[in-house]
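> Required output: the full structure, derived from the provided sequences and hints.
The primary structure of each chain is shown beneath.
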Amino acid sequence: MAKKIKGLTIQFVPYTEIERLHSGDRIRKLLNLVLGNRIIILQGKLWPEEETRLIEDTMAMVGHVKNFKGIELATLNPNSNNLGLFGKMRHGLAKALGAQEAITIIGPASIVREMKRDPRKIEILMKK
Amino acid sequence: MFKEKKELSLGFYGPPNAGKTSLANRICKDWTGEEIGKVSKIPHETRNVQFKEKVEIDYKGKKLTFKVVDTPGIATKIDYEDFMKFKMNKKDAQRRAKEATQGVVEAIRWLDDMDAVIVVLDTTKNPYSQVNITIIGNLVARKIPVLVVGNKIDLRKADLKKVESAFPEYEVVGISARFGKNMEEFYESLFRLAKKA
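Same order as they appear, the protein sequences are chains A and B.
Here the working numbering = 1-based position in the first sequence + 248.
Here the working numbering = 1-based position in the second sequence + 16.
Think of the hints as simulated: they come from the structure by calculation, not from any bench.
Glycine included, C-beta positions come from ideal geometry on N, C-alpha and C.
One or more hints might be untrue.
Here are the simulated lysine-lysine pairs, DSSO-like style, with alpha carbons at most 30 angstroms apart [claimed, not checked]:
no.: 1; chain 1: B; residue 1: K57; chain 2: A; residue 2: K375
no.: 2; chain 1: B; residue 1: K159; chain 2: A; residue 2: K277
no.: 3; chain 1: A; residue 1: K314; chain 2: B; residue 2: K103
no.: 4; chain 1: B; residue 1: K22; chain 2: A; residue 2: K376
no.: 5; chain 1: A; residue 1: K376; chain 2: B; residue 2: K103
no.: 6; chain 1: A; residue 1: K314; chain 2: B; residue 2: K57
no.: 7; chain 1: A; residue 1: K376; chain 2: B; residue 2: K114
no.: 8; chain 1: A; residue 1: K364; chain 2: B; residue 2: K141
no.: 9; chain 1: A; residue 1: K364; chain 2: B; residue 2: K57
no.: 10; chain 1: A; residue 1: K364; chain 2: B; residue 2: K101
no.: 11; chain 1: A; residue 1: K364; chain 2: B; residue 2: K103
Chain A is faced by these chain B residues, among others (derived, beta-carbon under 10 angstroms) [to be verified]:
no.: 12; residue: I94
no.: 13; residue: Y96
no.: 14; residue: A113
Right under this line is the structure:
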């Protein structure tokens, strides 16, 4: 009998898809994708208040949505210390526009065991 | 100079099992003779915000009164099966997980009530975890002064330098809350933090 192969979807969400959304709608959109068992690569990052809102909404769902155990989350920012003058100006502008230069990865904890983050890389450890 | 000030709300934030309650206990025990809460090896032992009012710290002639607020560990995931690894039965593990999720939400909601916050991190763990960044990012956004405490420096795997390089913009003090190591330096840092509040 053929063995069933499980798939994994990684979805890219460009900044333009969330830029005009209110915080609540941004969180809802991201959580809906995670609930569909997708790993999201988001261009940009959430504001600190949005990150806590994401955690609060996630916690509200754990125990209420079947098999949902939460999320793994990691953001990588370009290191402004390593940039030249023009790089810093560009970085400052990007920051003002919502830190589009950053990358945020969000995945369901039922699939992603751990995201190990350091300043230069994110390591995604998957569940067996 | 330190003027007579109102009671400062001092929050203890951080990921689960970093030693927030151990540190809050040590401070409360040192200055009031009573502990604030129970500690355990099982994560999410603190599942409600617990506080002690009028904790008067009289250190080297300086006096400050705090409301010590110990909060549940902030996490992005909670799986009851993780608690079962500590020989907990399924029903108790599920109850603990439910209470822990509510505790995370409660901890976040208390952020606005803090005058100053001590972020307690485990020096044997990776300091770059997103939860740590999120907590500190929120404190900065709310203009709440922060002191980063690297706990468990008594352990062989402890790496305080890594915590310092992860948060170069903040004062970082290494301690062992369990054994009371380096508390002198901690109290010096605490008074500097209170000045900013």
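> Now tell me, hint by hint, if it's right for this structure.
Now for the hints, and whether the structure bears them out:
no.: 1; hint: B/K57 / A/K375; result: holds, 24 angstroms
no.: 2; hint: B/K159 / A/K277; result: holds, 29 angstroms
no.: 3; hint: A/K314 / B/K103; result: holds, 24 angstroms
no.: 4; hint: B/K22 / A/K376; result: violated, 54 angstroms
no.: 5; hint: A/K376 / B/K103; result: holds, 23 angstroms
no.: 6; hint: A/K314 / B/K57; result: holds, 28 angstroms
no.: 7; hint: A/K376 / B/K114; result: holds, 25 angstroms
no.: 8; hint: A/K364 / B/K141; result: holds, 11 angstroms
no.: 9; hint: A/K364 / B/K57; result: holds, 23 angstroms
no.: 10; hint: A/K364 / B/K101; result: holds, 22 angstroms
no.: 11; hint: A/K364 / B/K103; result: holds, 27 angstroms
no.: 12; hint: I94; result: holds, 6 angstroms
no.: 13; hint: Y96; result: holds, 8 angstroms
no.: 14; hint: A113; result: holds, 7 angstroms
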